[in-house]
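Student: Take 85 as the starting number for the sequence shown in this note's numbering and just add one per residue.
Careful: at least some of the hints might be erroneous.
Claimed, not checked - Using C-beta positions, here's what the derived DEER-type ranges look like:
{"id": "1", "residue 1": "HIS90", "residue 2": "GLY406", "range": "22 to 32 Å"}
{"id": "2", "residue 1": "HIS90", "residue 2": "ILE195", "range": "20 to 30 Å"}
{"id": "3", "residue 1": "ILE392", "residue 2": "VAL293", "range": "44 to 54 Å"}
{"id": "4", "residue 1": "ASP417", "residue 2": "VAL361", "range": "47 to 57 Å"}
{"id": "5", "residue 1": "GLU161", "residue 2": "ALA387", "range": "53 to 63 Å"}
{"id": "6", "residue 1": "TYR284", "residue 2": "ALA387", "range": "34 to 44 Å"}
{"id": "7", "residue 1": "ARG363", "residue 2": "GLN88", "range": "14 to 24 Å"}
{"id": "8", "residue 1": "ASN127", "residue 2": "GLN88", "range": "30 to 40 Å"}
Unchecked claim - Dumping the calculated DSSO-like pairs for lysine-lysine here, alpha-carbon to alpha-carbon at most 30 Å:
{"id": "9", "residue 1": "LYS210", "residue 2": "LYS298"}
{"id": "10", "residue 1": "LYS399", "residue 2": "LYS374"}
{"id": "11", "residue 1": "LYS287", "residue 2": "LYS210"}
{"id": "12", "residue 1": "LYS399", "residue 2": "LYS389"}
{"id": "13", "residue 1": "LYS287", "residue 2": "LYS212"}
{"id": "14", "residue 1": "LYS389", "residue 2": "LYS210"}
{"id": "15", "residue 1": "LYS413", "residue 2": "LYS304"}
{"id": "16", "residue 1": "LYS287", "residue 2": "LYS374"}
{"id": "17", "residue 1": "LYS287", "residue 2": "LYS389"}
{"id": "18", "residue 1": "LYS304", "residue 2": "LYS399"}
{"id": "19", "residue 1": "LYS287", "residue 2": "LYS304"}
{"id": "20", "residue 1": "LYS298", "residue 2": "LYS389"}
{"id": "21", "residue 1": "LYS389", "residue 2": "LYS413"}
{"id": "22", "residue 1": "LYS413", "residue 2": "LYS399"}
{"id": "23", "residue 1": "LYS298", "residue 2": "LYS212"}
{"id": "24", "residue 1": "LYS298", "residue 2": "LYS287"}
{"id": "25", "residue 1": "LYS399", "residue 2": "LYS212"}
These are calculated hints, taken from the structure and not from any lab test. Glycine included, every Cβ here is placed at the ideal spot set by N, Cα and C.
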Amino acid sequence: MRQQPHYLELLSPARDAAIAREAILHGADAVYIGGPGFGARHNASNSLRDIADLVPFAHRYGARIFVTLNTILHDDELEPAQRLITDLYNTGVDALIVQDMGILELDIPPIELHASTQCDIRSVEKAKFLADVGFSQIVLARELNLTQIAAIHQATDATIEFFIHGALCVAYSGQCYISHAQTGRSANRGDCSQACRLPYTLKDDQGRVVSYEKHLLSMKDNDQTANLGALIDAGVRSFKIEGRYKDMSYVKNITAHYRQMLDAIIEQRGDLARASVGRTEHFFVPSTEKTFHRGSTDYFVNARKGDIGAFDSPKFIGLPVGEVLNVAKDYLDVEATEPLANGDGLNVLIKREVVG
């Protein structure tokens with residue numbers, strides 16, 4: 085069943101059922117989670133029993149559970165996939181997120197289908213096709229701008245889902261083959277080797293080194309905090325946080341952050357409502373800066389721009405806390421700009437290179 089057009093859905097990731105519960109308690113209207121197989125995150129699978137136990141917990145709050153079956157299937161996997169879909173339907177999950185159009189040809193129960201980001205939905209034509217063949221919700225490509233999103237929304241009655249936070253791939257989702265070419269591990273089979281996060285040396289046509297051991301394919305992380313209102317006006321109704329490999333603290337923090345942002349918009353506008361029931365209170369101040377990120381970008385939502393790469397490091401470097409004034413044999417003199425506490429971890433950078 086399609087979402088009512090005035091509902092705003094905050095959709096959070098969950099590596100496991102425990103994280104899914106915390107996501108809902110911190111404000112998620114829906115959670116997407118991997119099942120026993122065929123998900124695009126090979127190491128984030130969950131048993132049918134865990135999912136069956138999660139569903140009534142979510143429904144108590146009017147939240148929905150989506151299960152990912154978003155890999156390309158081999159012929160000998162069609163029957164096992166069909167059996168799994170039936171089993172998931174019987175647990176009461178609300179929808180499946182899929183990539184392989186072969187699933188449409190299977191004898192499956194009447195479960196809601198969502199088109200995965202792996203479907204690479206960048207055009208009105210593809211969006212209309214997916215809506216026409218029965219997908220009630222479609223995840224648009226991260227690379228689209230507001231005008232393109234609005235055009236797709238106006239052309240189809242499918243619920244528009246869009247990533248608002250988390251990792252960005254250097255390639256279009258579902259169209260990256262570098263992992264399989266280099267290692268035999270297919271991103272479209274849930275086993276991406278993260279080749280885009282590796283260091284590379286760039287040389288010019290004379291063999292001279294232009295950039296040495298830099299992460300030239302590594303992107304900053306997506307952050308659409310400043311664009312939520314514009315995305316709503318463009319037709320987005322499901323706001324998706326990336327991160328089925330992320331830990332519980334990340335999911336709690338980022339979910340709480342966007343819950344507060346969306347609630348503020350809903351309070352200002354009388355024509356919108358949250359997709360689940362109840363009200364969420366947080367006893368901490370969520371901050372996107374305090375959990376894993378590679379630097380932030382709003383990518384191409386407003387316009388294409390150049391400063392989207394995290395070339396120095398694909399890791400979370402942390403927040404600037406001070407400047408090193410002096411280096412001695414067994415200590416550093418640091419002028420701190422932020423308060424430090426026992427247990428804090430510190431990175432030391434020289435010319436933006438992590439050295440300790």
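Student: Next, verify each hint and record whether it holds.
Tutor: Here is what the structure says about each hint:
1. Checked against the hint of 22 to 32 Å, the pair HIS90 and GLY406 fails, with Cβ atoms roughly 48 Å apart.
2. Distance hint check for HIS90 and ILE195: the Cβ-Cβ separation is about 24 Å, which falls inside the suggested range of 20 to 30 Å.
3. Between ILE392 and VAL293 the CB atoms are about 23 Å apart, so this pair departs from the stated range of 44 to 54 Å.
4. Here the CB-CB span from ASP417 to VAL361 is close to 55 Å, well matched to the stated 47 to 57 Å.
5. Separation of GLU161 from ALA387 is about 41 Å and departs from the stated range, judged on CB atoms against 53 to 63 Å.
6. Our hint of 34 to 44 Å for TYR284 and ALA387 is violated, since their Cβ atoms are close to 27 Å apart.
7. Range check, ARG363 to GLN88: Cβ separation about 19 Å, and the 14 to 24 Å hint holds.
8. Look at ASN127 against GLN88: about 35 Å separates their beta carbons, and that is inside 30 to 40 Å.
9. For a cut-off of 30 Å, the pair hint linking LYS210 to LYS298 is broken: about 36 Å separates their Cα positions.
10. Only pairs whose Cα atoms come within 30 Å are accepted, and LYS399 paired with LYS374 is accepted, the gap being roughly 14 Å.
11. Between LYS287 and LYS210 the CA atoms are separated by roughly 38 Å; this puts the pair beyond 30 Å, and the hint is violated.
12. Note on LYS399 and LYS389: the hinted pairing holds, with a Cα-Cα distance of about 22 Å set against a maximum of 30 Å.
13. With a C-alpha separation of about 43 Å, the suggested pairing of LYS287 with LYS212 is violated against the 30 Å cut-off.
14. Of the pairs offered as hints, the one joining LYS389 and LYS210 holds, with about 25 Å between alpha carbons and a cut-off of 30 Å not exceeded.
15. Distance check on the hinted pair: LYS413 and LYS304 sit about 35 Å apart at the alpha-carbon level, beyond 30 Å; violated.
16. Taking the CA atoms of LYS287 and LYS374, the gap is near 36 Å; set against the 30 Å cutoff, the hint is violated.
17. With a C-alpha separation of about 24 Å, the suggested pairing of LYS287 with LYS389 holds against the 30 Å cut-off.
18. A C-alpha spacing of about 10 Å is found between LYS304 and LYS399, which places the hinted pair at or below 30 Å, so the restraint holds.
19. Pair hint LYS287 plus LYS304 holds up; C-alpha atoms about 23 Å apart against a cutoff of 30 Å.
20. Between the alpha carbons of LYS298 and LYS389 the distance comes to roughly 20 Å, so the proposed pair stays at or under 30 Å and holds.
21. A hinted pair counts as satisfied when its Cα atoms are at most 30 Å apart, and LYS389 with LYS413 does not qualify at roughly 44 Å.
22. The hinted pair formed by LYS413 and LYS399 meets the criterion: a straight-line CA distance of about 28 Å does not exceed 30 Å.
23. This hinted pair does not check out: LYS298 and LYS212 have alpha carbons roughly 41 Å apart, beyond 30 Å.
24. A hinted pair counts as satisfied when its Cα atoms are at most 30 Å apart, and LYS298 with LYS287 qualifies at roughly 12 Å.
25. Distance check on the hinted pair: LYS399 and LYS212 sit about 38 Å apart at the alpha-carbon level, beyond 30 Å; violated.
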